[in-house]
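Please construct the entire structure, taking both the sequences and the accompanying hints into account.
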Amino acid sequence: MKMSQTAHKIKQRIAKQQLGLILYRCLNDQEILSLADLCGVQSHPSLPDPEAKNRLVLFLCQNFFDQSSSLKKIAWILGRKSKDVIRRVKYMEVDEISLFFGNPSYLQNDDELGQILWAMLMDSRQQVQDHAYYLLTKLNLPEPTDEEKLHEIEKEASHSLISKPVSQVDSEIDTNLPVLPKPEQQKAAEPKKGGSGYLQSILHWNSSDRLENQGSCSNQQVLDLTRQCQNLQQQVQERVQENLCLKEENQILKERILRYESRESVIEKLVEEKRVLQLDLAELSRKLEKQSFPHMEQDKAELTIGLQSLEKSAYRTQQVFDQLRADLQGHLDSLQQVNQDSTANLDWIRQRVSTLGDNGQKKVINYTADQPRVGIFVDVQNMFYAAKDRYAGRLDYIKLLDLMLGPRQLTVAYAYIVQIPEIDQSSFVSLLEHNGYTIRTKDLRLRGDGSAKGDWDVGIAVDIAMMLDSLDVVVLASGDGDFCELAELVKRRNKRIEVTAFSHNTSMDLIRSADQFFPISNEMII
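For what it's worth, the working numbering labels the leading residue of the sequence shown as -12, then goes sequentially.
A couple of the hints might just be wrong.
List of simulated lysine to aspartate or glutamate pairs, DMTMM-like, C-alpha gap at most 25 Å [unchecked claim]:
id	residue 1	residue 2
1	LYS386	GLU510
2	LYS299	GLU289
3	LYS256	GLU235
4	LYS70	GLU38
5	LYS261	GLU251
6	LYS68	GLU38
7	LYS274	GLU259
Worth flagging that the hints you see were computed from the coordinates, not collected in a lab. Source: prediction; values computed, not measured.
Here it is as structure tokens:
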């Protein structure tokens, strides 16, 4: 019932050309023939030429808008064919859908274009449906060149339909449904990209306009990348200027500290004067005792009180000085932390500028066998505690995967997780699996003395060693110094080892052992 309501809503918004594109890209020849037979459309048993297939697709589109029974059958077949994609889209956020399915030029060459469009149209979220209609308007649909021919084809389609009662049609849904072919058969039956397909033969695809549009789109992408590079270079210059200002401020603070430290000599002089006064007082007391002058006892008491007051003043002066020195030291530590963060940000921006500079040389990135095969191994426990200790936040593992992969071929991405019984990590695990990670989990083990142990050091080393023959580059996301020998092993096997981790939590030996180290800054924290 819900599918039927959604299909009627789609009927109110979608155009015939757009529905024809979905049918043509979603179903192969055999499935189109079976669907036509189910909807009562007369057709050749084997589709002898592309023109016959295109005409049949047009008939089905006409039936979708004219007959309620055909609408339900077509919607049911498309839903069954797209069920895997529908399931994936259902668990994706709206922002993720816009990110992965936001470029019509890239989707044009996707083998699952028909399933993706239908899955988004059937989604219950209005934003996802609106995005699907947006994609349908932006895809390279040619304008019809012969209005009279198109009208004649639609008229012929309406005369060729075989009318059946609705009850009989509904019963045929369960008994006469076509058997969908396997993915391998479907792929073999689909027409080759760029051939004389549905869009070219019926609506006379204007290939020169399409190439011109793709060229202008590629040029626009190059201009966008150039502007991004210029913006990042401007940011680098600003960060360098800020770093110089921080260095100047740091120097001024050091000079102030030196001036305050110079006051210690004054305090030392006061202490020495105090000692001398005490000696003088003792000498004077002895003289007074010898002379036995009664009025000198009173003077002695006054001198004692004065000496006590002097001692209190010296003590208060020392306290003020200590507090001032502690405040300055805290401010100096804060400036040093800001300086370290600025340096880490500069390193990250330089790496990003370098990456964008390389990407700017290519209009389209095609993953081929000539690209390095990359294996990414993430020690989640090490990354979690390092991010929590330094930034009181969490690492963006999706951004980490994209940044470390770059324009290279991903062979495998493992995320190693230690399961803690009292913490539910199922949503976190599902997020990683949905975004390209293969999850390896291990339960936290309790020792006899009450302590706990749970790490993946040995497991990560074994997985990397076993997969070295199928990898060209090993990316290790961990700062644990226990992986130094593993890094040396990877290099002895003539493979490249890259390490990414938080600078404050990374072993210097591991950094020296790696071919390249990528420090993680607060830009990667969420």
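Taking the earlier hints as the rules, which of them does this structure contradict? Numbers 3, 4 - these are the hints that the structure violates, sorted from lowest upward.
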